[in-house]
Structure formats: C-alpha cells, structure tokens
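Undergrad: Following the hints, put chain B in place on chain A, whose structure we already have.
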Amino acid sequence: MFATNLQRYRQCHTGRSRVALTAVAMIVGILLAFIDTSVAFGAQSVSNYSISLNAAQVPSNPKQVTLTAQVSATGRTGNTTGMTVDFYLAASQFAGQFGGKAPLLLVGTAKTDASGVATVTYSPTWKGAQSLTAQINDASGNTLATASTTYTAGSASFPFKGTLQSKRPDGMLGRWVGGILLGILAILWLMLIGSAVRVNLIFKRTSHRYAR
Amino acid sequence: MTRKQVEKVDTTASTTIDDSRAEEAMSIAYDGVDPVPAREDIREAAMRPVLQTGKWWWTATITLSVVVIAGIFAWIMQLRDGLGSAGYNNQAFWAIYEADLVAFIGVTYGGAVVSAVLRLTKAHWRAPLTRIAEATALVTLPIGMMFIIPHLGESPRIWELVWPPYWNLSSPILWDFFAVSTYLLATMVFFYLPLIPDLKITLQRLSNGPDNIKTRICKKLYSIVGNNWVGSIAQRRTLHGALGLISIMIIPMAVSVHSVLSFAFSSSSRAGYLETIFPVLFVVGALYTGVALVIVMAAAFRRGYGLERYITGKHFVRLGFILVALGAAYLYLTFTEYLVDGYSGTIGNASWVYQTILGRYWIPFWFFVVGAGILPLAVLAFKRLRNTKGIVTASVIVLLAMWVKRLVIVIPPATEPLIKSPLNTANATWGTYHFTWIPIFITLAATAAIPLLMLVLFKFVPILPVAEMEEMAAEDGGLEEDLSSPDKNYYSDNRQIKRIPKMTERQVRQNVRY
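So the protein sequences, as listed, match chains A and B.
In terms of our numbering, the first sequence opens at residue 159 and continues consecutively.
In terms of our numbering, the second sequence opens at residue 328 and continues consecutively.
To be clear, the hints were calculated from the coordinates, so they are not data collected in a lab.
For clarity, every value in this text was computed on a predicted model and none was experimentally measured.
Don't be surprised by glycine CBs; every beta carbon is placed ideally from N, CA and C.
It is possible that part of the hints are untrue.
Covered, in the sense of this in silico footprint (three residues per stretch, anywhere, with C-beta under 8 Å from a C-beta of chain A), are these stretches of chain B [unchecked claim]:
| hint | region |
| --- | --- |
| 1 | 508–514 |
| 2 | 648–659 |
| 3 | 673–679 |
In the SDA-like style, the derived pairs of lysine to any residue whose C-alpha atoms are separated by at most 25 Å in a straight line are [to be verified]:
| hint | chain 1 | residue 1 | chain 2 | residue 2 |
| --- | --- | --- | --- | --- |
| 4 | B | K382 | B | A627 |
| 5 | B | K786 | B | S392 |
| 6 | B | K546 | A | R356 |
| 7 | B | K547 | A | A354 |
Some residues of chain A that are not near chain B, with every Cβ distance over 12 Å (derived) [claimed, not checked]:
| hint | residue |
| --- | --- |
| 8 | L179 |
| 9 | T226 |
| 10 | T232 |
| 11 | A344 |
| 12 | M349 |
Next comes chain B alone, as it looks inside the complex:
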C-alpha cells in the first residue's frame, strides 16, 4: 500500500476514531494521571451501603418484600376474579390503576430534572443527589409501566399490545409504550455512564475487602464495565460529552413520555378527558411529584446511611424552591383547566367541574389543593418551616395529594352520567367507584417496591457519584461546608460555608489514584 493510499484510508475513517486518537494523544500527554484528587471521605461514604449491611437494612428489606408479595397475591386474585374485584364497573371503567400509572411514571421525572437539567446548567450542588435521583427514576419507571398490566385487565393477552403484527398505531397506549420504553433506555444509559468511574473505585474497594460470593460476582461484573476507566482527561472528556448529549436528549424525552401518556385521556371524546391542556398539565405534574420523590428518597437514604455531611439542608431547601415553583405552575394549570371547562357552560364539562369542586368529589379535590398547592408554599414561605424536616414532610404530603389528584382526574369524568342531565344532581345517576383491598394492596406493593429496589441497587453501586463529586470539589477549589448543623435552614447553612484554597494543576497531578 502506497503512502497516498494510506492517507486516503485515514481520511475516510470516521470522526469517532479521529477524536479518540486525539483523546488518546491527550491522555498520553497527561501520562494517564487522574487530574482529580481523590477524597477518602467521599469514597468511604459512597461505599457504605455496598460494604456494610446493618440490621435495619434487613428489617426494611424483609418488610418491604412482604408488602410486595402481598401485592402480587392481590394481583393473582384479580386475575382470578376479574377487574370487578378491583372495584371497576360499567361506569368506573377507569379508576385507580390509571391514576397509579400516571402517578408512578410521573415520579420518574425527578431523575431528569435533578440530574439532567442541573447537569446542563452546571449546578455543582447537584452532585451528591444525582445518583439517588437517577436511581429513583430507574426503579420507578418499570414499576409505573407495570400498572398497564392490571389496568388492561386481560393480562394473558398483554403481549398483543406490543407485538408488531398487532400494532394499532391509532392507539395512544401503543405510542405510550414506545415513549416510555425509549425513556427507560435513556434512563438506563444515563444511570450507567456516570457509574463507570465509580464501579472502578468499587472494584478497588472490593479487592481490599473480604472475599465471598457477593464480592466475587461484583468483581466479575464491575471488571467488565469499569475496568477500562483510568481517569484520564480523554476519558473524562468522552464521558462528559456523552452525558451532555444524553442530558439534552432525556429532557424532551421526559416531556414526550408524559404528554403522550395524557393522550390516552385527551384524545377521547369524554368531557373531562378531552382537554388540550392535559399534556402540559401532566408534564408539570410529573416534574412536581418527581422532585418531591427525590426529596423523600434523598432524606431517607441520607438518614439510613448517615450521609448528612454530603446531602445537606441546603440541598433540600434548593430542591424545595424547585418544588414550590412547579407546584405553583401545576396549581395554575389546574385552575385554568377548571376555569375554561366550567366557563364553557356545556353540560358535560360544567357538570364534572361542579361535582369535583363542590359536589361528590369535593373532599379529594380540596385535599389536593391544600396538600399539593398551599402547604409547600407555606413551608417555603416561613423561615421557621424552611428546613429539611419541613420540606420532607411537605414532599410526602405532595406525593399523597398528587396521587389523589390523579384519581380526581380519572374518576369523575368516568363516572359522569351521559344520559340524564348531570347538572341535576337529584335525578342524575352518577357512577361510583369503591376501593377494594386488591387495588390498595397492589398500589402499596408498587410504593414499597421503590425503596426496596433502591436498597438492593445500592448494595451493588455507590450511593454517591464519587467521581463526579471529586471533580466538582476540584473545580470549585475545595469549596466545602462546615456541616456541624446540616439540618439548619438554608440561610444558616450558607453562613457556615468556608472556603479552602483552590488546588493548583501541579497539586492536581500529584494526586494519582488509579
């Protein structure tokens, strides 16, 4: 082969190879040195769930497993007795499972908003939260997807929904499946990529620890995934580039998932479901509950694994501000929906709006308004309440109230009579939906499955994104907080911040870790 031919072959090579060669050259120039100093305290804290198994872990895991098994048993009972055993009837043809589907897929958005949005905006304070947020999204999404199975009733034929010869491209459910599965793939990649450096660190830790079956399996798995990480500049650049791309992709994906989910309602002809505002309402509602779940999960794991030093009161307050902003937006969108429908004066719309606000559904509706609308605002508005405890309590109530709101979205329009004048409450025959133990157990099982899966997941992966946190610390010049009183409110936390001198490049180079 002549020199000219060789050059020609080189120019036809993909840009990926060219980039990688440049990066290789850079990494060689840096002599493979990890430019980020290791922080033993962060590594120790992140590995705590992997290396230590306390009594409380077993207690929590067994208790949650029992609840999940009870839910599976309830589902089997429903398979035997039919959807009627879950309280469904001719009028309440949609009820709790549809509300669960919307609620559980909605809470996955916390991962997208906390991790992707804050990553793109380079908000460094996000670092300790990203792993928990992404893990929440990762475990919640499949649980949410599973609600389609009890919701559709005839479970043995569920495969026909997704099997290509049976595809019905006119069905929102099919497109919902496409959107959710794509989002699930994005969530998995988004969880996996930042994990690569951390798995290398975990591998090193496990090598120093006891040799048992678990560590042997882990070592084998981690060596496949994380063994190639050397922490060079080239690898970091590649990782950041890929994460930036996925962050950009995952945000519109998250928006599309919930807007497509709303099509199941808004593409119908039933008053109360036929709403053009639903896609926006659903997306904002999902972001709202997603942030609330991240707050709750972060608080629970912080307490369980003693991460107060890294996940501080400041994080909760900042997430609390995001929560309140989204809550106010959701409240406004709900007001807009009800205003337009109520003002239209058409019998179907005016009827369900009346019944929801003042009629037979007034209790759940006003519980939502107070729990998910007024309470978070009040917590963040008053300095005395603006602390971790207050925000976590508000988030728990937000989650509950937003689940009730999903029931309010689903049930009133389904049970609205279509024949007699529904405005005349005396004569109209509204349908009813009564909970039975079956859907309650299934819903509780799904709720318990979230912390259960996260407890198991964090037995295998570090709970804190070690590499990211070390990088952030290096970039911030060692900005650290005196965390002697992390549960104080935001302003008191700020006063305790102290600055340590930024590391020089030479100091950075001297910190060889791998």
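Chain A with its partners taken away, still in its complex shape:
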C-alpha cells in the first residue's frame, strides 16, 4: 500500500511537495521503529527475558538459604507471571565423575508471582561456597535466561539424617537380637579356642604323668 501511494505521489506531485512528503514519511518510519513491532507488522514469536538471582540466609534458620529469582521481560507483551523457574546447585565435588564439569543438581522449582519473583528455600548439605543457578525455559524446553550467584554456607545439615537412622534395619532388629547373635558368636569362639587349649592341657598333664 505504501509503495502504491508513493507511486501515485510521484505521478501527481513534483518539486517542493515531494520533498515535504518524503520528510514526513521518514519521520513516520523513525517513529514506527520505536513502537512495538508486533502491532505494526504482526506478532513476534519470542520475547526477551532476563533473570537475576539472589541468595540470602534465612534469619530464623541459619542452615537455610532463600533463593530469590527476579524475572524481567524486554519486549512489548512480555508476561513474567506464572513462569517456572528451576534452581540448580553446581556439585563441584562430583566434577571428576562428569568429565571435569560440575553437574547441576535441581534444588527446587517455583513459579513467579505477579511481580516476576520466584522463591525457594534451600538447605546446604556442605559448608563453604555454593554455586547456584536459576533458569527459565519455554514450553519446548529451550532456555530463555539463566543467572548464577555464589553463596558461602557457614553451616550445613544432612537433610535425611534423621529419616535414615530411624529406618536402619538394626534399629528394627533391636539391640537385643544383635547382642544375642554376637553372644552366640562369642560362645562359638570360646568353645573352639577352649577345645584346642583343653586338648593341649590334658596332653601336657598326661605326658608328664607318663614321664614320671
């Protein structure tokens, strides 16, 4: 349409008018470039997102860390509400088993609120530096944005300690049963050693008597 109008303008106008119209067209073009292109030329498929990550100790529990991700959208229709954010921990101690690259362990997943903020609480399992990553993906699994931060944990806890101990079979077996089995073993050892010692003592005694 724009080209047709331009052709009609070329046919109808000349001189000063053409220069004026050209200037107007240029101004409109420049303005259009700053307006959301989705309106002017149809919907765009991918919006641009950015994410930032912050890790802070939970004041009431020093063994816990709150991971807060702030998702922002750059683009005319970017919507940051209800987006899924995955939080990962880079387990550097296992890097040797993964070709020198620290594997990312999923520590939690949260959805963003109306202001684009997603939060999870994480309990470090070792003291020292924790390399944390937040990541958002689209529906196809493509990574839209990632952010990383480092947190130094002053204290750590083994999250399954209590649970595992209560499920230990010797807990179910009972100390008494274990004690009885060990007692049977001790009796067997005493009988075996006792047999050998007894035989030797009797041999010694009988041989001495015979010698006399």
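TA: Positioned in the frame of chain A, the structure of chain B alone reads:
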C-alpha cells in the same frame, strides 16, 4: 585342712579335671603304650614333602609366586586408578570380585564335607584325604576373604568395616565377616588337632635327619605343639572327643558362612538378587565346588608326591559320587530359581531370566549347564569314564563352570536397566561389564595362591594324617588294597582288595612306637 574339706574341694573341681584324671589313670593302666601299630610305609610317604624338595617343587613354587606377585601388582594399579580400571561402571557395580569372593569362600567347604562329615559318619576311607581337604580349606578361606578388599574399592578404609565403633549391624557384609572369621578359626582348630600326633612323628623324623636351620626351627615349633603326645588311650580319647565336637560345630558353621554370604544379595531389593532360595543355593554350590577342589588338589599332590598307594582310584570315584549328587542338587535349585522368577511374570525378574537363558548372557549360562551340570553326570554314568582321570577332568571343568555361574549370578541383575522396559531388548539400555587385565590377574593370582600355599604348608606338616591312617588300619584289621593299578575304575579297584588278618590286642600292645 580336714579330710572333709579336701573332699569338698574335690567335688567342686571341674569335670574336665575329673575326666583328665580318669584318662590319666587309663593311660597309666595301659602303661603309656601306643595301642596303634606304626606303619613305616605311611610315615615315609607322609614325610616325603617335608624331607624331600625336588626340582619340580622349586619350579612350581617360583612359577606360582610370579603369578601371585603379578596379581599384587595389578591390585596396586587398581588402587591407583580406581575400580573403573577393573571394568566396573555405574551399572556393573558388582562384578568379578563378588563372584570371586563367593567362589573362593565356597571351595573351602571341601574340607568340611570330606573331613567333618565323613569323620562323623566314621567313613574310614576318608583318612588319606583329610589332611589335603583340611589344608585346602585352611589356605582357601583367607584367600577368599581377601577378595572383599578389591571388591569394596576404597581399601585404606577397609578397617572401618570391622572396627567396633563403625559396626553397622544392619550390613550383611559385617555379619559375613563374623561368620567367615569364626569359620576360619574352626578350620584352624580342625586342622591343628589331628596334626598334634603327626607333629610328634615329624619331630622324631627330623631328629634323625640333617641338622640345618629349617629343621632346627621346625623342631623348636613342633616340640611346643606336639611334644606332649605320647599316644596313650587317654590322649586318643581326648583327641577324638575334641575332633568330634569340632566336626559337629564346623558343619553348621560352614552352612551359616555361605548362607550369610548370600544375604548380601538376597537382602537387596534388586530383581535377580532378591531370592529366598539363595542361601540354600549358595551352600549347595559351595559344597559342590569344595568337593571338586579337593578332588583336584588330591590328584595334584598324589601325582607330585607319588601317593598313589594311599590316595587311590577308589577315593576319586567315591568323591565323584558325592560331586554328582551335589551337582544334581545345584542344578535343580538353579532350575527352581529360574522357574519361579520367570513364571512370576514381573518385569524385572522375567527380564533377567530371559536375558540369562536366551539373551545376552546365554553363552556363560549354558557353559555352566553343560560344564557343571551334564558333564559330571556323564562321567560318573559311563563306566569307561568313571576313573581318576575322568573325574579329575570333570572336577576342573566344574570349578571353571561354577565360577562362570557366580558371574551369571552377579552380573545380569546388576546390569539390568531399571528405567526402560527391559523386556524390550531393542530399547532397553543394558549395562555392560568387560574384563580388564587387572581383575584377571588378581583372580589368577588368587587361584595360584592356593597350590602355592599348600606346597609351602606341606613342607612343614605331613601330607597324610599318619596317626589317623594307622588307627584306621588297625581298626579295619589291616584291610589293605593291592594298589598295582590304582587308576582303574572303582569296581576293578574293589576286586583287588585283599584282607589281612586283624591284629589282636596283644599284638597291638607290642607295637611300641614313642
């Protein structure tokens, strides 16, 4: 002290002292005379390894030592490079060392079955075999126990397994350690007790022989252990009583060791390991391989030391019958295990049964069926094959096939995929285990260590239980065999048996030896 007080003290004395006093009285009544006639031929044959060192002994010892050293070197390499260097990976988390552990501890049962069971049933034909059987058990058990070290990987922390503050009573490995160490103690006592009279005989022989460092050390050691033996009735009664008790104890101990060993598998939740039949299967398998190893060892030492006169074709045939009975039982138990698992239709079980019988593990499985199931039956079934050569060959193949069977027990369930449908072989991702030179060298070293340790052991102790054999001969009234053709089959051996007149008690008393 009044007479009454003395009597009171006497009555509170232990029964052991009372018994020993009665035995002392008996021994005095017999005037210390050894009631069993000495047999020079037996003594000469039994002392042969102690007194003679042939060129072949040095050749065999050096060759076997080289293999053992190569195995130690391989283990050091594994310590440096980790379990991955032995072919282990995320899926094949158990493989050859677990199979070796089961196989090597299993073969110790030969000592228990040949010596203890036959001793309790008073089977006199056992006598020439007992020392070799007990020695086999004695040297094989520590070798088997050592496989836990490369199997667990982190060897520097192995002590934590057995150190009381670290005990984990829920772990089958810990109970396995308890069971095996108790069995080891029983095996040592069982080896030591019948040795006492023989050490006295050895001491006498060494006193008559050349005086060198070896004989001086031996004499010193033997005089501590065997010097009190006078061969009286009282001492014999004491010895027989103690041996009877240990024989009774060692059989359930042997059963417990291997059933506890199977708990490492059967107390897990993995299909193929979670089997209630495993304790029985493991015990029978251990007895089976134990008898096979005794046959092989007896044949090797018989050949090496020229003991054909004492360890005859008859012994091999009788052991062969025991071997076949145990082999048939093992085959049946394997069939039962596979039938129940395959019939259950659960994906995990049906999968490994299919893969073992018809799938990726069919070659080792059918090698086991033929080698350890059909072959021994065939050898004993046909008269032409029922001889020493046939039975020893079958035993060697049984040992090999049963080792392969232990691999078949360990590896397929470990490598079975747990995520994708394992029935669909095209899509399932089965793990793999490939041997590397490290576990092969370690396994060969352990295998070589058995004859090596036995060769060394028999440089210090008589290879035949002299006192026992003389006693048996006296009790049997001198039942002897014409051993001109000992390698003939069982029936032809029987035809050549001749009977010599039984000795009277007076004749027995006249044979003073000590």
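Undergrad: Could you tell me which of the hints above the structure violates, numbers in ascending order?
TA: 2, 3, 11 and 12
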